[in-house]
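Build out the structure end to end from the sequences listed, making use of the hints.
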Amino acid sequence: MSPCTPNGALRLEFDRGTLLLRGDPSGRNLAELPGVRWDERVGCRRAPARFHAAIRERLAAHGVMVDDAALVTFPPLPCLPPPTLRPYQAAALDAWVIAGRRGVVVLPTGSGKTRVAVAALAELGRAALCLVPTRILLGQWRATLAELLGIEIGVFGDGVRDVRAVTVATFESAWRHMGEIGNRFELLVVDEAHHFGAGLRDEALEMCTAPWRLGLTATPPEGAALTGLEELVGPVLFELGIADLTGGFLAELELIELRLGLSAREHAEYEQAWGAFCVAFDRFRGLAPMGSWSDFLTWARRSAPGRAAVEGWRRARGLLALTEAKNATVGSLLAQHRDARVLVFTSNKEAAYRIAREHLVMPITADVCSAERDEALTAYRAGRIRALVSARVLNEGFDVPDAEVGIVVGGALGEREHVQRIGRLLRPSAGKRALVYELVTRGTAEVGATRRKRRGLCARRPDSL
Amino acid sequence: MVSAHVALTRCSVRDGIVTPHWLSVRDHPWIGELIELHHAFVGEPRRRLYDRLDATPCMARASGSRLVAAVLDGFFGSEIVADVPPRAARAAAFAAAADRAARGGRSGRAAALERAAAGFGVSPDALERSLFADLPGERRLKKPAAPVRVEECVLRCNLALAQAALSSSSAVTVALEGHARALVRHARLRGLICTVEKRGTVAQLSISGPLALFRRTALYGRHLAELVPLLAWSRDFRLEARCTVRGREGRFILDPTAPLPPSTEPRRYDSRLEERFARDFLRLASDWDVIREPEPVAAEGTLIFPDFALVHRRDPSRRWLLEILGFYTADYVATKLRRLRAAGLTRLLLCIDAARDCGHDQLPPDARVLRFEKRIEARRLLEILEEQGARGSDDPLR
Chain A
1 MSPCTPNGAL RLEFDRGTLL LRGDPSGRNL AELPGVRWDE RVGCRRAPAR FHAAIRERLA
61 AHGVMVDDAA LVTFPPLPCL PPPTLRPYQA AALDAWVIAG RRGVVVLPTG SGKTRVAVAA
121 LAELGRAALC LVPTRILLGQ WRATLAELLG IEIGVFGDGV RDVRAVTVAT FESAWRHMGE
181 IGNRFELLVV DEAHHFGAGL RDEALEMCTA PWRLGLTATP PEGAALTGLE ELVGPVLFEL
241 GIADLTGGFL AELELIELRL GLSAREHAEY EQAWGAFCVA FDRFRGLAPM GSWSDFLTWA
301 RRSAPGRAAV EGWRRARGLL ALTEAKNATV GSLLAQHRDA RVLVFTSNKE AAYRIAREHL
361 VMPITADVCS AERDEALTAY RAGRIRALVS ARVLNEGFDV PDAEVGIVVG GALGEREHVQ
421 RIGRLLRPSA GKRALVYELV TRGTAEVGAT RRKRRGLCAR RPDSL
Chain B
466 MVSAHVALTR CSVRDGIVTP HWLSVRDHPW IGELIELHHA FVGEPRRRLY DRLDATPCMA
526 RASGSRLVAA VLDGFFGSEI VADVPPRAAR AAAFAAAADR AARGGRSGRA AALERAAAGF
586 GVSPDALERS LFADLPGERR LKKPAAPVRV EECVLRCNLA LAQAALSSSS AVTVALEGHA
646 RALVRHARLR GLICTVEKRG TVAQLSISGP LALFRRTALY GRHLAELVPL LAWSRDFRLE
706 ARCTVRGREG RFILDPTAPL PPSTEPRRYD SRLEERFARD FLRLASDWDV IREPEPVAAE
766 GTLIFPDFAL VHRRDPSRRW LLEILGFYTA DYVATKLRRL RAAGLTRLLL CIDAARDCGH
826 DQLPPDARVL RFEKRIEARR LLEILEEQGA RGSDDPLR
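Just so you know, the protein sequences line up as chains A and B, in that order. Read in order, the letters of the first sequence are residues 1 to 465 in my numbering. Read in order, the letters of the second sequence are residues 466 to 863 in my numbering.
No lab work stands behind these hints, which were simulated from the structure alone. These numbers were taken from a predicted model, which means no experiment stands behind them. One thing to keep in mind: the hints can contain errors.
[What the hints assert, rightly or not] Derived DEER-like restraints, expressed as beta-carbon distance ranges: (1) H62/A <-> E642/B: 47 to 55 angstroms; (2) W38/A <-> A808/B: 22 to 30 angstroms; (3) R301/A <-> V507/B: 53 to 61 angstroms.
Think of the CB as a built atom: it goes at the ideal place given N, C-alpha and C, for glycine as much as any other residue.
Right under this line is the structure:
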């Protein structure tokens, strides 16, 4: 037992994202504590940091004295002004509080998820860490929190390490550094929470002691990923979809599908490339009806026809990303909506750059540094540039209340990506009617894919309002 | 840094064993071709080289060609060549395009470019060429600083391959003879848990991160991969890890037969603080030798790695071990003292950074401690040694 531990007490220490349980109160079976295992490497018990509250609770129930050195949190926050909430935001917050301040709120993009988080923070009045997926969102959250709460906000990410009572961090920074800062906060807010639960970067949530957790997303995961998310953040407590709020709290949406053709050259190239892929893929399906895409790639790599099939799939997708007709249509639509602010979404960076060159549209991609992105977004909001084009960076959390027209040239990530993209256009303003063009190539795999990805736009719970 | 995804194209998993397919002399001809091809594209935008590589037969034929291309990218490097700084060119061109007067199809585009170019005093063509000259594919391939040798390229690829395999692992075990300290030091510096056992002349190291007890995680993979270049300094070694290659898990083994490049010699000192102390002490204490990284001490089934041994030249029995602690806990110090006692060693001095003192923890009363701020006072330390020598105390810890 540590020399500092009072007699008979169990000492809890935070150790790089885990808890060390030092001491051995007699007659207690510590192995039954949630998440606890014996760690032979250091000769004491250890648990992931997220079990801190549960361990404390169990020990208290068993009357074990605890010397808790694990938490090094900030003092309670001064009385913070709660933001004004719309009825559905207030309902979401109530659901979260009633559920013990652990759980996920599902609201469409543009409906004010950040405001729910700020209200949760003000209601609780404790040190909070807000996790966001991108550097753009890092800046946006910092500005919003500072404006609504009126306090200095810390930042952990994008080269900055400034930890304060309310701090915003990128997922990546949190994943790398939660071992250093994971015991400093009592509330964990996870924006775009659907990124967690499937294993990738889940450690960021495992390594934090915060007992209270709020997840925010427009597109909750399904299956095992949802189970994982529920374990790390809590269950889905409140859920509304785009269709539940459009025309009221979200802008009216008009979706126009433009079916375009391929040129003779493109058609021949597509048929050849896609045909090669289909032959091999059908053969694989015959051999392994339940095989995954990854299994197919492994299988295909072993033979020349298989490799040609994968190459054909890649070529077909590359071709559909920006066909001649799509490119010409983008030009026409940009000209047609010359007075509106337009967002163009592509399936890959190459297509984004081609549009950027040919139509002089500012690209927002991972290659563009954060300072330039910020400048571009400011110019866009101020109306000094008219359009932005992006493959993925604009998919999530990008706040442009004035964007009115969207042109979806292509997508690679299905329903979730589509919902997020449409959401960019739905932030309401007086008399706003969002217009989204989907460019779909006739007679190709895009037709079915477009139909599938639109499912996410329906109402989630028509009676939940 | 070569991405693990690219490097692992040269790895396979069979019967639970991860097999790295090392590049070897057999691969020299096609790698030589790729090097020549790179030379031919020096000064050109890299995308042209990439297009050409796509059409090169050996790229499709040879497994690992993407890995070699990625490593060659590092050898050659790239630079931005533009008449106008690209970021400024973009800001001007897109703003001009947004202006109502410059809108309307191709002619509007031309007018926008013309207007933006005028602001920089260059032609519209020059401005257009500059627009995206900083993109990875548009950067120009640079001439390498030194000739690129096939052998060196092969070794670098193999190193990338071994590191890529380890980057997916949560824990490694290493059995090695000699130079264990470099690995232990690296592991601890990176916040990993390193346990050491001595088995004859072999040190058995188990290295993992705290969370590895509960789940497979890639959280520590990067730091574990950094161990690879340090292994070459040991007389013999065998590293084992559980790795995941394209979703399949297997055992990865690395030993001296792996064709890896010799690493640079591990740094003699961990920090400027240590280096300065050694210099100060040698200058002051002409009767004492300072031995950096003395032999590890076997104690209670583990190894302790003191930072220095200070040995009196005329009386070698006056031999002290010195350890510099930047950060410590009372438990850590107590355990260390207990182990040293168990090993029959008592002459240990601890130098503790006062600025990083763990406040609430009290040191064990029997610890011989010299606190320092920024610099270890060599004179004070020498006084302690001389004082102990004059007392003839065998156990200053007592």
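| Among all the numbered hints in the text so far, which are the ones the structure does not match? | Of the numbered hints given earlier, the structure breaks just one, which is hint 3.
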